[in-house]
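Given these sequences and hints, build the entire structure.
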Amino acid sequence: MGISRRRFIANLGLAGSAGLLSSIAGELWVRAESPAKLERRFVTIVDHMGWWARLLRPTNLEQPSEAWELPESLAPLQDRRDQLTILEGLYNPHGSGLHGTYGAVLNAMPSPTSDKRSIGGVSIDRFIATELSADVPISSLNFGYPYGGNNTTVGNASSDGPQAPYPAMTSPLEVIAQVFGGIDGGDAAEQRAELERLVAQRKSVLDSSVDDIERMRTRLAAGERAQMDQYLDSLRQLEGQLDGLLTVECTAPAWEGPDVPAGQNTMRPDLFAFFYEASAIALECGLTRVVTIASPGVGGEPGTPRHPFEPPNVPQAMHDAIMHPMLGLENDGTDASWLDREEHVAKIRRIYNWRAQLVSNFVDRLEQTDLGGYTTADRTLITWLNAGGGQHHFGSDNIPLIFVGNPDGVLNTGRYERFEPQTRCISDAFTTAARAMGMDVDGFGDPEHSQGVLPGALA
Amino acid sequence: MLLALAPVGCYTGIPSHDADEGEDDAGTEGAGPQEPEASSSSSEGGGTDSEDDATPEADCEPRPPGLSRLSPEQFDNTAMTLVATLASPPSEGFLGSWVMPSPLGDADGALGLPAPHVSQLMLVAEAVGAQVAEDPGFLTSCMPADWGEDACVRDFATELLRRGFRREPSPEELDSYSAFFGAQRDEYDGTTAVSMTVQRAMLAPDFLFRTELGDGGDDTMLGPFERASFLSYLIADSPPDDSLYEAAMSGSLLDSDVAAEHATRLMAERSSGAGLERFFREHVGYEDVLSSFKDTEMFPSYDAALSVSMADETREFVAHVLWEDDATFATMLTADTTLVNDRMAELYGIDGEFGDAFELVASPPERRAGILGHASFLAATSSNEDSSIVHRGLHISNELLCNELPPPPPGVDDTIPEVDDSTPQTQRERLEGHRSDPSCAACHEYIDPFGYPLEAFDAIGSYREVDNAGLSLDLSVQLPSFIDPEQSSVDSAEQLAGALANAPATYECMADHFYNFTFGAPAAGASCDAEALRAVATASDGTLLELVAALVRSETFFWRVRRGE
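Chains U and X, in that order, are what the protein sequence lines are.
Number 436 in our numbering belongs to position 436 of the first sequence; there are no gaps in the numbering.
Number 376 in our numbering belongs to position 376 of the second sequence; there are no gaps in the numbering.
Keep in mind the hints are simulated off the structure, nothing from the lab.
Heads up, some of the hints might be wrong.
Anything over 12 angstroms on all C-beta distances counts as not near chain X; from chain U, calculated [claimed, not checked]: (1) 57; (2) 365; (3) 369; (4) 416; (5) 447; (6) 455; (7) 459.
Reference listing, derived: stretches of chain X covered by chain U, where coverage requires no fewer than 3 residues with Cβ under 8 angstroms from a Cβ of chain U [claimed, not checked]: (8) 62 to 72; (9) 118 to 125; (10) 448 to 456.
By construction, the Cβ of each residue, glycine as well, lies at the ideal position given by its N, Cα and C atoms.
What follows is the structure in structure tokens.
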């Protein structure tokens, strides 16, 4: 099967080659001529440990979305149902098969190693960032909750290529310092002066580091220079980010109390709130146009309720609350014994409801910003998905995905579509998202499974 | 017991390097731009001593030259040599998502430095730089008032780079860093210049990476400073101490006997053996319990502090075996003692007065299975509510025996039948399908047997004689032939641990993991040293100290050959 050049771009690793992509992008797809396209925002929200599609199905599906009644799981989005595109039945051919799709969750590419959890290619958010964030300081912001252990790809869903994770930030103080410059105190002029000083110093250090890297690089043979090339590329990205800090006016979100150490499993609502607020600010003030927020299926310190909402709490991890009790059940509503699991189902509904509320709150927040005749929400497409779907231990065969929003009316929203098993790969949803962001591509991920834009998805 | 790893056979390396070692290496190792194909006498070069300039001969392929990124622990320990005191590891709170090569093979992102990581490094370097600027006396005798003096600036830069780069800096590097310092001093002030110069050094690849480049040739031996770093980071997770640095400086480290002596010295004490402990932390995986969650209603005593105590028990136990016992993995598997604090003593039902500190005690009879009897292992390989025969068996099979088993094939119903109150069954009984269905048994015969004897422990590692439903437990099992050719039967954790300790596969797996740990590359398909390591590990019951000693004495350990591109 031949691979079109446009599709090939989808598989090209970004590590060390961002410059390459930038230089050839103009040849391979039409550069967005409309400023509106460049102003679109793309947000990816990745949960883990499974979704059960049946719990996401609205009632009255045969009628227009205005007549829909969203289930409890999605009830917080009821008022936005006409902006939703709910997809069921997508598959990911490269999931690990055990606990979701791990390294393939946002790239749908085969693992390059014997470990199926390894990252196979560039993720859709990073891919879209090459287009949307070409002229903003930060290519994409990634917030997440690393699951821990040697393989942290569960929490770090984004990637710049095979085995090249684009790590998420997990610490609020790191976000404040790294993304927003960490300047506080004093009046606006003092803060500005301090920021300029900080940027100048950091750039001096980075400039000199380039010299050190070049010196090391000359000691290496051609085949050994990839690490240094990536390091150089990263430094240049940071320099660009620093320059960008001076061109935008952003106010860091507040964080009270001690920092949250990296790697700590937690579903703390204050952390969620912080990351969503940081995302909204960054999207509004022009720091970036692409944000990804990934959360693990487990969370909370041992012995504490994992999902911090009103009783009944869910003491187990999402993994145990959702996936294990549903072992063996088909996800098509035909298994009568599913009804016997009502205790578990109730917990699951509460978890989904809570997460849907977070999404709804986030959209509310994005609607607060007037960008000149429109709000940030008007320009934002949220892709909300789970790394798993379907039967536990085979979580790649029925992945629900929800688009929230409709920038520039590019999508046919207010739709629910259920695909027959193994007919549409999740990469088609990613292709649809990329096209919605104005990218002229007709495929993404594994070309053996990518068929292009989902039928009827685009307006 | 050492086995000589003298290479034999038909490989002939590219002969002859300049024998110009020793003091002449000062200021030149890794210095300045070099053409990779050049065999420059002005740089750390190959060769061992004046009597043997040629690289060794071997019937295996030596490892290629390259760079090895410091782990977060190594990074912290190196940064700490720049500052007299640090309240906490510099990268604490950062770098949490860094992924390093794991014993199980190459890990994603293990070698890369994506922009978010570099950004984190920059913040860490700023924090360290600020601390150095507050008290630069650790690096120089010059006072802040002297920052206008070139000699003082150069003195500061020399010590900074010597510690940060773990070698003597080249004149070119000193010129560059001194000029950088001067520029920042003139732009801002001396204190800021100190901070920024430290930041630059910490972001330099010579700080972040350990080099294995030798003289830059295609067939080369690691130079003395590279050897010093290799040994020190492997064993101690830290840069070379003064003694090792001096040996590198003098060139004596090029003598394998001297290198072995230093390795032995470092391995003699826990204070310089952090790297070896980290190996076992990764090989055994005992910190997985820190992210293990349990049903709070079923296990009200289980909390974050208990999970920490569980991990600490195994950490202290490993250290005890390494530094105070016979240092064998066999003992780690079969010991009838452990170390407990008050929480662990309570969990294990050990009588006595215990506090926060860990004390050596005799293990209860049912738990005399070394690490397999530790709650850290048992809890981490259980579900929220119950033990897991499959997870425990899988951990042993995959990670202690290196059996790589595929996931269940699509379409196979891998579910454990739910508990049916009308016809109660134990978990083992509910897993009957794993044995009766050939499509399941093909893999599960290598998994489940290791979990049956451990059913004596519940989801948090407490001993039990009946399961959650009050049913009696059958712990007996016939071991797979690859563990015991006679397929003996065992019916306790202690017997299982004994069988594993007698199985060559246990030590071969440990050796493979150690190979990966040492070189950052999988042992499978590896060339020199991997097979020899397996032999040493098997012969020594998994004595890590023997593995290190064998590597150090190997003529191929420090040998690098660049393959065709």
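Hints versus structure:
1. 57: At roughly 24 angstroms from the nearest Cβ of chain X, residue 57 of chain U sits farther out than 12 angstroms, so the non-interface label holds.
2. 365: holds (24 angstroms)
3. 369: Non-interface label stands for residue 369 of chain U: nearest chain X Cβ at 25 angstroms, farther than 12 angstroms.
4. 416: Residue 416 of chain U clear of chain X: closest Cβ-Cβ about 26 angstroms, beyond 12 angstroms.
5. 447: holds (21 angstroms)
6. 455: With a cut-off of 12 angstroms, residue 455 of chain U remains clear of chain X, as the shortest Cβ separation is near 26 angstroms.
7. 459: At about 35 angstroms from chain X, residue 459 of chain U clears the 12 angstroms cut-off, so the statement holds.
8. 62 to 72: holds (count 5)
9. 118 to 125: holds (count 6)
10. 448 to 456: violated (count 0)
Checked against the numbered hints given earlier, this structure breaks only hint 10.
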